[in-house]
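Once you've looked at the hints, dock chain B against the given chain A.
Those protein sequence lines, which keep their order, are chains A and B. Mind the numbering: the first sequence is residues 1 to 304 in the working numbering, read in order. Mind the numbering: the second sequence is residues 1 to 304 in the working numbering, read in order.
There may be inaccurate statements among the hints.
Stated by the list, open to error - Footprint (simulated), chain A over chain B, 3 or more residues, beta carbon under 8 Å:
#1 197–205
#2 208–222
To be verified - Over 12 Å on every C-beta distance to chain A, these chain B residues come out as not near it, computed from the model:
#3 G9
#4 G41
#5 E64
#6 C96
#7 L109
#8 E112
#9 L126
#10 S154
#11 L231
#12 A247
#13 T248
#14 F263
Note that these hints are calculated values from the structure, not bench results. No residue lacks a Cβ here, since even glycine has one placed at the ideal position from N, Cα and C.
There are 2 protein chains.
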Amino acid sequence: MNIAVVGAGALGLYYGALLQRAGHSVRFLLRRDYQAIREKGLYVTSPQGDFHLNKVRCALDSAELGPVELVLVGLKTFANHRLAELVAPLMTGETCVLTLQNGLGNEELLAEAFGADRVLGGIAFLCSNRGEPGIVHHLGQGRIRLGEFRGGLSDRATVLAALFSDAGIPCEAVADLQRARWEKLVWNIPFNGLCALTGKTVTELLAHKDTRREIQSLMAEVIAAGNAQNLSCPIDAAPFIAQMISATEGMHDYRPSMMIDRFEGRPLELEAIYGIPLARAAERQVEMVRVAMLQALLDLGEKH
Amino acid sequence: MNIAVVGAGALGLYYGALLQRAGHSVRFLLRRDYQAIREKGLYVTSPQGDFHLNKVRCALDSAELGPVELVLVGLKTFANHRLAELVAPLMTGETCVLTLQNGLGNEELLAEAFGADRVLGGIAFLCSNRGEPGIVHHLGQGRIRLGEFRGGLSDRATVLAALFSDAGIPCEAVADLQRARWEKLVWNIPFNGLCALTGKTVTELLAHKDTRREIQSLMAEVIAAGNAQNLSCPIDAAPFIAQMISATEGMHDYRPSMMIDRFEGRPLELEAIYGIPLARAAERQVEMVRVAMLQALLDLGEKH
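Here chain A stands alone, though its shape is the one from the complex (with noise of 0.2 Å):
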């Protein structure tokens, strides 16, 4: 399949790189790791195995990739207002774009640039850092669970977690997006803020006892706010919180990808990850008190 990258930091080089290994002829628009990439090619180290891809297509403009069937976007959020046009160069009228970027809002902005039965989004269980420009570390896991904007399981992304998972990125299908969003933010909007704004990893937090019951509680706002949307059903919330905090003590003093942005100065992802659910929420009545207090308190540390 002819497949584009749109916003290619760890998470876009580390799927585009597996899925050019499988076979795909895939294209990366670059900025940061171009001049890299070119000359010598695009190294991932990973848990898995190290690999080297020596030949990769690569473009500084979007324009110059073509169009192509699917359009794999990995943008941060924060450069969302470019998301339309980086991806309309890619575009033809069977063109799918699958946005793997995080928290919500994603899929509307490209529903309402191209249609909303071109859209799909995923959800990536993935701890990856970007190296020095042309390599990519992958830490762990990678999971992709994709489903359709418009909701409902379809053939084309039955097929897409299939394409995914032959490429060695275990991938399922999900009827439910809005779920799967729901249930990933969960995990983000007390762990990416937490650690962006005291600098501690995800072990530190979980080892302090208060700051531990403070995460199980933000979860719980969260799940409240989720299980307000009309999901096709609702989030269990004891089990659930039990099974992210049993699994985030197997992320070994892992950074998220929020703490990684601070300290090296970028903007955070705070309208996807906090502005837009809190909207969300609000729209049903809900308010997330806890998940207030931490976005004002990310957002004071932003250069405004």
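Same frame as chain A, now just chain B:
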């Protein structure tokens, strides 16, 4: 009057210096500033005029300061495990102890050690910082509200208030010390904690819309908890919050003591300002959700 100052930080040094300048016999229990003050006396810089005390009675051991009529306690509350031991050598059967420490629980400790009728508490509205050893900077304000630990307006409290006022420390005796303590917490809980956590001054916090909203919400939580404590009359939330915010807007880029403690690597006064107030609220079935979250994040940053 013979007065001993225990815990001679910015607050103890400033008030002690004013009392000595007014003619009282003041003795300071010192640690960091001992050598400097022995050699060069005590310097006070103040918008109301700098002054210097050439001869200052001080010691490293309170036994050397002999019994006095009034003990003024300015000790950081994280050193409260030593409070009774530091004060004991200064006491006779007639000595009063006035604690000007932050938060809740200090009068109780002194009452347990020396009897409840020896104990008064006071709330200081003082902007001051320590400078080099032997120098204290008075930045503004300085008013004290003091009252009996046992409650009620006593002659003794009224006499003490007059003595302070005569020394240039505006002072008012109050009948309900408990209420005055909770009123002060309405300021201390949001501003001390948020400044220490985020490294921003009170002015920066108030200039940020969402943080300003959180400050008001934190204040409302504290008022609700305070009003559940059998105060002589409840704190009227809306006007009190408005007044606190407006007063803080006059403190240009003020850095509260807890922020300075964190910058300088000292422990924070978490138990007196957060832990005990949270416990008192819980005893009355009042939940302070935001306060608990703030405490957790502050404690997370402590050395354990």
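Output the numbers, in ascending order, of every earlier hint that fails for this structure.
none
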